[in-house]
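Using the hints provided, position chain P relative to the given structure of chain Z.
The listed protein sequences derive, respectively, from chains Z and P. The numbers in this note's numbering rise by one with no breaks, and the one at position 4 of the first sequence is 4. The numbers in this note's numbering rise by one with no breaks, and the one at position 114 of the second sequence is 114.
These are calculated hints, taken from the structure and not from any lab test. Hints are not guaranteed to be accurate.
As a list, the in silico DSS-like pairs of lysine-lysine whose alpha-carbon atoms are at most 30 Å apart [to be verified]:
1) Lys9(Z) x Lys343(P)
2) Lys242(P) x Lys266(P)
3) Lys242(P) x Lys167(P)
4) Lys88(P) x Lys17(Z)
5) Lys9(Z) x Lys70(Z)
6) Lys80(Z) x Lys329(P)
7) Lys329(P) x Lys50(Z)
8) Lys18(P) x Lys70(Z)
9) Lys70(Z) x Lys266(P)
10) Lys345(P) x Lys70(Z)
What follows is a set of in silico ranges between Cβ atoms, one per label pair, in the way DEER data are often shown [as the list claims (entries may be wrong)]:
11) Glu110(P) x Lys9(Z): 29 to 39 Å
12) Gly289(P) x Glu66(Z): 52 to 62 Å
13) Lys223(P) x Glu66(Z): 50 to 60 Å
Just so you have them, the derived chain Z footprint on chain P, three or more residues with Cβ under 8 Å [what the hints assert, rightly or not]:
14) 51 to 59
15) 94 to 101
These numbers were taken from a predicted model, which means no experiment stands behind them. Glycine is no exception: its CB is placed at the ideal position from the N, C-alpha and C atoms.
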Amino acid sequence: MSVPRFWRKLDSRYNLKGTHCVECGEYFYPPRNTCVNCRRQGQIEAYRFKGTGEIVTYTVIHTAAEGFEKQAPYTLAIIKLDEGPSLTAQVVGSSVNAYIGMRVRSVFRKLGEGGERGMIYYGTKFIPVDG
Amino acid sequence: MTIGIVSYGAYVPRYRIKIEEIARLWGDDAEALKRGLMVYEKSVPDVDEDAATIAVEAARSAVARCEIDPSRIGAVYTGSESHPYAVKPTSTIVGQAIGATPVMTAADFEFACKAGTAAIQACMGLVSSGMIDLGLAIGADVSQGAPGDALEYTAAAGGVACIIGKKESEIAAIIEDTYSFTTDTPDFWRREGMAYPEHGGRFTGDPGYFKHVTNGARGLMEKIGTKPEDYDYAVFHQPNGKFPSRVAKLLGFSKAQIEPGLVVPKIGNTYSGSCLMGIAATLDQAKPGDRIFATAFGSGAGSDSFSITVTDKIEEIRNRAPTVAELIKDPIYIDYARYAKHKGKIRLS
Chain Z
1 MSVPRFWRKL
11 DSRYNLKGTH
21 CVECGEYFYP
31 PRNTCVNCRR
41 QGQIEAYRFK
51 GTGEIVTYTV
61 IHTAAEGFEK
71 QAPYTLAIIK
81 LDEGPSLTAQ
91 VVGSSVNAYI
101 GMRVRSVFRK
111 LGEGGERGMI
121 YYGTKFIPVD
131 G
Chain P
1 MTIGIVSYGA
11 YVPRYRIKIE
21 EIARLWGDDA
31 EALKRGLMVY
41 EKSVPDVDED
51 AATIAVEAAR
61 SAVARCEIDP
71 SRIGAVYTGS
81 ESHPYAVKPT
91 STIVGQAIGA
101 TPVMTAADFE
111 FACKAGTAAI
121 QACMGLVSSG
131 MIDLGLAIGA
141 DVSQGAPGDA
151 LEYTAAAGGV
161 ACIIGKKESE
171 IAAIIEDTYS
181 FTTDTPDFWR
191 REGMAYPEHG
201 GRFTGDPGYF
211 KHVTNGARGL
221 MEKIGTKPED
231 YDYAVFHQPN
241 GKFPSRVAKL
251 LGFSKAQIEP
261 GLVVPKIGNT
271 YSGSCLMGIA
281 ATLDQAKPGD
291 RIFATAFGSG
301 AGSDSFSITV
311 TDKIEEIRNR
321 APTVAELIKD
331 PIYIDYARYA
341 KHKGKIRLS
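Next up, chain Z with everything else stripped away, as it sits in the complex:
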């Protein structure tokens, strides 16, 4: 990932910052500037997600993409946040196997790095609430 591309979304990745439509109550992550339900009648405000949710589905990656080899095997999951939106993220920090419906919470971790000389990408991953 290029440095500017990461930097533009940095605050959203670090702090799970999305948006919320005051009109219909829907939450968006990543943030949307326009509500998909209310269109021009929508009233969008910035919102920081609590960081809790549950696993909708997951897979264990053994053959990792370039830059992620050291982390393999790792669990990649679709997580539904308690406010509604779903996102794809790693579930880390436990010897317990992930399962559908597992409660998770957000943590601050290293997502990757641009080789030995490149920048280090930080952001949000998830750990089991009870493990």
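Showing chain P alone in chain Z's frame:
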């Protein structure tokens, strides 16, 4: 003017490696090592944890504990000897990740194991001068020990963050005074670009740790007219269990005074987080009115001493974030192979 700790937060990675497992690999006598070091296991970071992620988790815990608006924090100083970047401050990452940016000053500190307490002193100065409202001082490390080196048995990972302020209604622990003792002593160092530090073997004891800790501690007690028996608790930098136990005895503090803050047997030496981890563990159980004496030591070498009195506020904030005891319970034990992977000792290319 009253200056003090408004909040604190700790973080310890969940993984541990036992002394027996490291000793197995190098053919050392684990029982002799455990007796000598008074360390039984040490914390190990996950593959995606470094000093910055640990600093952020500790800082978020400190913010959660006191429920302040993070934009009130006017300075973020992170002390570490394992900053992930040689040039680019860890404190900028922390400031952004807790929502304190952009109107704040930030810098990284380095003074071996006492960089975190040096950051506290800087925040005390800025807060007392009125330059900032609140200051955030952090000590966090994923310390390095070369394979087979004596340091490998204790070099651990962890961090503690302290929010320093001067509003009496917000202070959970008053810092009555601080005192530092610093000399140029080559007891431990790491050269630019080197992966692991070097140490002066037995030279690190008397000319390094004991000289600086005793002079710093006695200096503060003389300055403010206190004696060891005036304190309910004491915390000394804990590179192992033996050094703080011996220095406490030398200074006239009892085993009971240092016991609550002595966390090194279970998690190892968290370097910049070490003394602060002891302070955090003590604050976790101290009662209003209790007095805590603390001396941090950093190789190179210097010590920072603090005289602290706990206020009523501690009872209100204590349980809003995990205590040190909660953080270190239920560890995941790993073998040396996984430890080597987590610590980046295995190179893939």
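Structure-based check of each hint:
no. : hint                             : in the structure
1   : Lys9(Z) x Lys343(P)              : holds, 29 Å
2   : Lys242(P) x Lys266(P)            : holds, 13 Å
3   : Lys242(P) x Lys167(P)            : violated, 38 Å
4   : Lys88(P) x Lys17(Z)              : holds, 24 Å
5   : Lys9(Z) x Lys70(Z)               : holds, 25 Å
6   : Lys80(Z) x Lys329(P)             : holds, 29 Å
7   : Lys329(P) x Lys50(Z)             : holds, 25 Å
8   : Lys18(P) x Lys70(Z)              : holds, 23 Å
9   : Lys70(Z) x Lys266(P)             : holds, 27 Å
10  : Lys345(P) x Lys70(Z)             : holds, 11 Å
11  : Glu110(P) x Lys9(Z): 29 to 39 Å  : holds, 31 Å
12  : Gly289(P) x Glu66(Z): 52 to 62 Å : holds, 58 Å
13  : Lys223(P) x Glu66(Z): 50 to 60 Å : holds, 58 Å
14  : 51 to 59                         : holds (count 4)
15  : 94 to 101                        : holds (count 3)
Hint 3 from the list above is the single one not met by this structure.
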